[in-house]
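Construct all of the structure, not just a fragment, from the sequences and the given hints.
Chain by chain, the residues run as shown.
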Amino acid sequence: EAGVTQSPTHLIKTRGQQATLRCSPISGHTSVYWYQQALGLGLQFLLWYDEGEERNRGNFPPRFSGRQFPNYSSELNVNALELEDSALYLCASSLGASGGYNEQFFGPGTRLTVL
Amino acid sequence: AQTVTQSQPEMSVQEAETVTLSCTYDTSENNYYLFWYKQPPSRQMILVIRQEAYKQQNATENRFSVNFQKAAKSFSLKISDSQLGDTAMYFCAFTTMEYGNKLVFGAGTILRVKS
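Chains as they are written, first to last, in my numbering: chain S, 174 to 288; chain Y, 146 to 260.
Take these hints with a grain of salt, some might be off.
As the list claims (entries may be wrong) - Residues from chain S that face chain Y, not an exhaustive set, calculated with beta carbons under 10 Å:
hint, residue
1, Glu248
2, Phe278
3, Pro281
To be verified - Derived coverage of chain S by chain Y (criterion: at least 3 residues anywhere in the stretch with Cβ under 8 Å from a Cβ of chain Y; other residues may be distant):
hint, region
4, 185–197
5, 221–231
6, 234–245
What the hints contain is simulated information worked out from the structure, not anything from laboratory work.
All values derive from a computational prediction rather than experimental measurement.
Each residue gets a CB set at the ideal place from its N, CA and C atoms; glycine is no exception.
Laid out in structure tokens, this is it:
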């Protein structure tokens, strides 16, 4: 069974541009989570989508946004890129939100570099 | 606010020996989940072990075990018979149902296993 996949592996952008990161969850998983792993800041929760709806959002500015598609894949968009947005962006998926905690399985990440 | 603290930025251990990684957390919730994740140089986050707060028995997974002290809000990871493949960054993480499934991570501990 395929795990969580993310694309692209690496992304290089310049300040002010927009970046789009993609994530495909494990088959059967309806929840997708996004985390930012920036140097010196550790892993920070960004967004959680379940059944197409945004369920929770971390302490990030509105230029970080995303969506979840009917096939449960997800897209993270970062507008007006700043140098400090350079980070590894990790996507995770799990079974649906109801019925207690479900284990999150992580993808390999997208390395975003902002020049 | 819920916080997770890992006080050991780096640790080293000889192959076949035992090492313990420390983690403390702060929460006012009574029902929560604790995790140890491993992130090797490949960047793939892998769940090592999980502990439900309502379970008094410490979780064990092969060479990995935890010492869960609920009153002290402590959750340490013991790795027995350390192997070179255990070399990785280890993250302690926490979540509650009230947190909407988002994981709160500690800063991480780099573990180096030496031959």
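Evaluated hints:
{"no.": "1", "hint": "Glu248", "verdict": "violated (19 Å)"}
{"no.": "2", "hint": "Phe278", "verdict": "holds (8 Å)"}
{"no.": "3", "hint": "Pro281", "verdict": "holds (5 Å)"}
{"no.": "4", "hint": "185–197", "verdict": "violated (count 0)"}
{"no.": "5", "hint": "221–231", "verdict": "holds (count 4)"}
{"no.": "6", "hint": "234–245", "verdict": "violated (count 0)"}
In summary, the structure is inconsistent with hints 1, 4 and 6 from the numbered list given earlier, while agreeing with the others.
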